[in-house]
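When you get a sec, could you build the whole thing from the sequences and use the hints?
Chain by chain, the residues:
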Amino acid sequence: MLDLREIQATVLRLRPAPYFGTHVLLRVDDVRAGRELLRRLAPHVDSAGDWWDARNAWLSVGISYAGLQALGVRPDSLESFPETFRVGMAARARELRDAGANVPKTWDKPFGTGHAHIALSAFSDSEEKWHRVLAMAREQYQGFSGVSLLSSQDFGAQPGDLNPLGYKDGIDQPAIEGSGVEPIPGQGRPIKAGEFILGYPGEAGVPLPMPQPDILGRNGTFVGLRKYQSRVGAFNRFLRAHGSTEEERELLAAKLVGRWRSGAPLTLAPNVDDPALGADPRRNNDFDYSKDTHGLRAPFGCHIRRMNPRDTQLTRLTDVNIHRLIRRGTTYGPPYDPNALSEADDEVPRGAYFLFISAKAMATMEFLQQEWINDGDFIGVGSERDPIIGLQEEGATFTIPKEPVRRRLHGIETFNVLRGGEYFFMPSLSGLNWIASLSD
Amino acid sequence: MATQTATADRPKQDLTVAQKIQKLRELYADAPEIGRAALKNGLPMLTQELAAAPRAQTAGRIGARQGKVSELTVFLPFAQGGAKRLRGLLQLLEGNFRAADAVGTVHDMRFVFLDNDTKLLFATAYDGDFDPYIDDFGTKIPNAMDLWLSNCEGYPGIRSPSVKDWIAKHQIAAEAWYVNSPNLTAPETQRLERVGKAVEEFLDKLQ
Numbered sequence: 001m002l003d004l005r006e007i008q009a010t011v012l013r014l015r016p017a018p019y020f021g022t023h024v025l026l027r028v029d030d031v032r033a034g035r036e037l038l039r040r041l042a043p044h045v046d047s048a049g050d051w052w053d054a055r056n057a058w059l060s061v062g063i064s065y066a067g068l069q070a071l072g073v074r075p076d077s078l079e080s081f082p083e084t085f086r087v088g089m090a091a092r093a094r095e096l097r098d099a100g101a102n103v104p105k106t107w108d109k110p111f112g113t114g115h116a117h118i119a120l121s122a123f124s125d126s127e128e129k130w131h132r133v134l135a136m137a138r139e140q141y142q143g144f145s146g147v148s149l150l151s152s153q154d155f156g157a158q159p160g161d162l163n164p165l166g167y168k169d170g171i172d173q174p175a176i177e178g179s180g181v182e183p184i185p186g187q188g189r190p191i192k193a194g195e196f197i198l199g200y201p202g203e204a205g206v207p208l209p210m211p212q213p214d215i216l217g218r219n220g221t222f223v224g225l226r227k228y229q230s231r232v233g234a235f236n237r238f239l240r241a242h243g244s245t246e247e248e249r250e251l252l253a254a255k256l257v258g259r260w261r262s263g264a265p266l267t268l269a270p271n272v273d274d275p276a277l278g279a280d281p282r283r284n285n286d287f288d289y290s291k292d293t294h295g296l297r298a299p300f301g302c303h304i305r306r307m308n309p310r311d312t313q314l315t316r317l318t319d320v321n322i323h324r325l326i327r328r329g330t331t332y333g334p335p336y337d338p339n340a341l342s343e344a345d346d347e348v349p350r351g352a353y354f355l356f357i358s359a360k361a362m363a364t365m366e367f368l369q370q371e372w373i374n375d376g377d378f379i380g381v382g383s384e385r386d387p388i389i390g391l392q393e394e395g396a397t398f399t400i401p402k403e404p405v406r407r408r409l410h411g412i413e414t415f416n417v418l419r420g421g422e423y424f425f426m427p428s429l430s431g432l433n434w435i436a437s438l439s440d
Numbered sequence: 441m442a443t444q445t446a447t448a449d450r451p452k453q454d455l456t457v458a459q460k461i462q463k464l465r466e467l468y469a470d471a472p473e474i475g476r477a478a479l480k481n482g483l484p485m486l487t488q489e490l491a492a493a494p495r496a497q498t499a500g501r502i503g504a505r506q507g508k509v510s511e512l513t514v515f516l517p518f519a520q521g522g523a524k525r526l527r528g529l530l531q532l533l534e535g536n537f538r539a540a541d542a543v544g545t546v547h548d549m550r551f552v553f554l555d556n557d558t559k560l561l562f563a564t565a566y567d568g569d570f571d572p573y574i575d576d577f578g579t580k581i582p583n584a585m586d587l588w589l590s591n592c593e594g595y596p597g598i599r600s601p602s603v604k605d606w607i608a609k610h611q612i613a614a615e616a617w618y619v620n621s622p623n624l625t626a627p628e629t630q631r632l633e634r635v636g637k638a639v640e641e642f643l644d645k646l647q
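First to last, the protein sequences are chains Y and G.
Just so you know, the first sequence maps onto residues 1 to 440 in the numbering used here.
Just so you know, the second sequence maps onto residues 441 to 647 in the numbering used here.
The hints are simulated quantities; they were obtained by calculation from the structure and are not laboratory data.
These numbers come from a predicted model, not from an experiment.
Be a bit skeptical, because a hint or two may be false.
Mimicking PhoX-like on lysine-lysine, the simulated pairs with C-alpha atoms at most 25 Å apart in a straight line are [stated by the list, open to error]:
1. G:524 / G:480
2. Y:402 / G:637
3. G:524 / G:559
4. G:559 / G:609
5. Y:402 / G:645
6. G:480 / G:463
Structure, rendered in structure tokens:
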């Protein structure tokens, strides 16, 4: 059983619908001030004790490696963190395939500068509660000498909770053993908690290496924060270039993702959208690919089949259960506009901040970026890339299996450009208090 | 034992072809006559090679890569009795490696026993980077891995979080690496075999 009262709520609590919130990035300029801030924040950081109940707004706190240094965590403890975390996301650009348009030197500040020390996120299911929790959080850091506000990004509040490309998202999440709730149909068997939370056995039967001391590492986890900007114009132009009617375009949009915009999976609704299916959490994820072994419904290269191949026959020996991430997508900027077609529309600040959560988030993100997102060999589509979050190269294609011959679409572009990213450690509540009460 | 040299750390060579040739002349100045003659007579082809764009890449943490294919070369000291056990195992398997088939990224493997059966040289060509699939071995084919590698000294077990470091510690990056078809991964090669066969069958029916 998991020690839910120690784990931060965001690790297990699903994004509510509707959702509202803010991501705040802070820099610690003075070690004592940083610890005092954590001391003030800690009582307001929610535990996962009642994670299934999202009726109250909640806060989460993540600390980067530079942040741990700035907070005066001792060297032997710092050294116990994985190297990938210590060097940070920008330094791992090669392994993360963050090249070309996604290269760190083009990122928005403060990403990749080493200044983002503390990431504070507020989530809520109502605007009013969101404002309240945010005001409370601001009281702790505003006008507080020794801690600087670097950025504050509001998210959510989109009509229908659609993402910037107009899809319902966040549907498929891994089930976690010992979290106290029955898996939703289609979630598959619960995955060993140690894959997601430090201090518990993982799928290989042993716990992952844990930052030390024990009170700091146990019940903590790692978060990869990625900020994407959606190139809505490029996306719409692609749909129009390859679909002459609204129906054709919507089918193509569904083929790219593997779900209709409503969330209804192509595997269950191959020809026409089924909004009632898309809206039903007990049905919209309840499928495998055993009856779609040729990808005639959900193309092999579509986004959701890549991100969770389920029972798809892969070309490489793969344990699908060890490459999953908990993800919290949070949309910012104006909602999806199906008529946005210009290149200027690509530059409108709209997109999503993703929190990717796992006890080995760094390794898993590198695996996903290398294998499942920016390659296609693993699932038999050559060097094609994920149509939604892949970084497309000149001449990239997307293949839709079809009888008698497949349809290959040319000219697919990068629809979501990376604007920044950082790794954070999300300590347990005890871990947070431990850092807050460090002394020189 | 040779020291590890990560190819990633090599200085960039921004030399002109003429400078490269000059450098070769200096290197071969004290070579035996046969070598010096070869340099002189082989200049036409060498010049083409020296003028071509570099093809060498790195395979993640350590090792060389060309296109999609990487090399892994490890020198592993045998544990007590390890050489005898592994030789026996390999002889009985008679070239059947189901685990390697299952892995899907392995092009070839060689097991060479060195220094009076005290060290194993293991060399393989595989697709992609070194790290990504090691964890999958731990949950999908742990026995095949442990049966083999437990014959080597200090092996922590494929499920151990330290196994990647253990392998990297014994790895020696190849000084040079050549791949004939650098864009063909193992699954892609198999797919092309199937496509080629299907095309031949189709053409047979057209006759």
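Results of checking the hints against the structure:
no., hint, in the structure
1, G:524 / G:480, "48 Å, violated"
2, Y:402 / G:637, "21 Å, holds"
3, G:524 / G:559, "12 Å, holds"
4, G:559 / G:609, "15 Å, holds"
5, Y:402 / G:645, "23 Å, holds"
6, G:480 / G:463, "13 Å, holds"
This entry does not satisfy hint 1, going by the numbered hints stated previously; all others are met.
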